[in-house]
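My request is simple: use the sequences and hints to build the entire structure.
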Amino acid sequence: MSESLGSAALPPPGADDHVRGEGVLVIEYGDYECPYCAKTDLLLAELPVRRVFRHFPVVSKHPRAQVLACAAEAAALQGRFWEMHDSLFGDQGHLDPPHLWQRCRELGLDLERFEADRRSEAVAERVRRDFRSGIRAGVTTTPTIWLDGEAHAGVPSDPLLARLAKS
Amino acid sequence: MIEPGAEAPDFSLLDQDGKTVSLSDLKGQTSVLVFYPGDWSPVCTDQLNVYQEVLGELQQKGANLYGVSVDSAFSHKAFQQHLGLTIPLLADFHPKGEVSKAYGAYIEERGHNNRSLVMIGPDGKVLWSHAAPTPLEIPGANLIFDALEQHARAA
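In order, the protein sequences belong to chains A and B. Anchor point for the first sequence: position 124 equals 123 in numbering that gives the first Met the number 0, and the numbering is continuous, going up by one each time. Anchor point for the second sequence: position 44 equals 43 in numbering that gives the first Met the number 0, and the numbering is continuous, going up by one each time.
Keep in mind that the hints were calculated from the coordinates and are not lab data. Where is the CB? At the ideal position from N, CA and C, for every residue including glycine. You may find that some hints are simply not true.
[As the list claims (entries may be wrong)] Computed footprint of chain A on chain B, listed as stretches where at least three residues anywhere in the stretch have a Cβ under 8 Å from a Cβ of chain A: (1) 24-32; (2) 77-88; (3) 135-146.
Structure (structure tokens):
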């Protein structure tokens, strides 16, 4: 039996979380096949925030979501997580394996290693860990943005963006 | 909202395939009725998709989920296929909302269900219920696991 999915507090940023930027802490649960997540990513990129991205692939809705989360984690093993993250959100129309290989070439990744890593159990487990922490904290939709311990579901509203801009 | 300890009100509803599902079919298993406002609304989509993602683990813990809304069986079929769901969807279509009303999940002035969860034990008694503060709020799957774990400990 796997670990419980009962309620648990949102984990604070850990050593192997993906973090970038400076400012107020924003933890996002997202899915690379979700268009609202791509929009949110663009909005947050312009704000003075310290961003943590966690995977929340909802495969019944987005069949490629798990594969893409694993691709980003495989890129992370070559030190290029955010580059792959930006690449995936930058073009959600090309998400099949040949497109992933093309992205790898553009990012200068070792393709053979990427292919092995993205199918590895360790990478699947890394993605699962994020998803489970989201379920336990009550995440029910993507994107969900956490700010000061409070969850905001969906694309950030104008008031929320204004609050982040001033933070 | 129906309270724990109550006898679950009897029902017979068509599922998305036109098959009748009755309370008596649920005897001997733990079931969760997921009352939701309606097929096709974007928020519902997220709720059932997220439950679908953890359905395997809910079933491992002995719980089966059933969606319930006032939509027809035909709408449920299309909706279920569109979302890639295996969770059965029950049509509380005629007389409209009758079963949902019996469970206290119906919002009369809106003509559809609130987001409510009702866990029914193998003996047909309500083990746990939860109503969202508003139909826009989705009860997290964590709440279902909490209730299951609480009752596993109590049993």
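We went through each hint and held it up to the structure:
With a cut-off of 8 Å between beta carbons, the stretch 24-32 of chain B has 0 residues touching chain A; three or more are needed, and the interface restraint is violated. Restraint check on the stretch 77-88 of chain B versus chain A: 3 residues with Cβ-Cβ distances below 8 Å, three needed, restraint holds. Check result for the stretch 135-146 of chain B against chain A: holds, 8 residues qualifying (beta carbon to beta carbon below 8 Å, three or more required).
The earlier numbered hint that this structure contradicts is number 1, and it is the only one.
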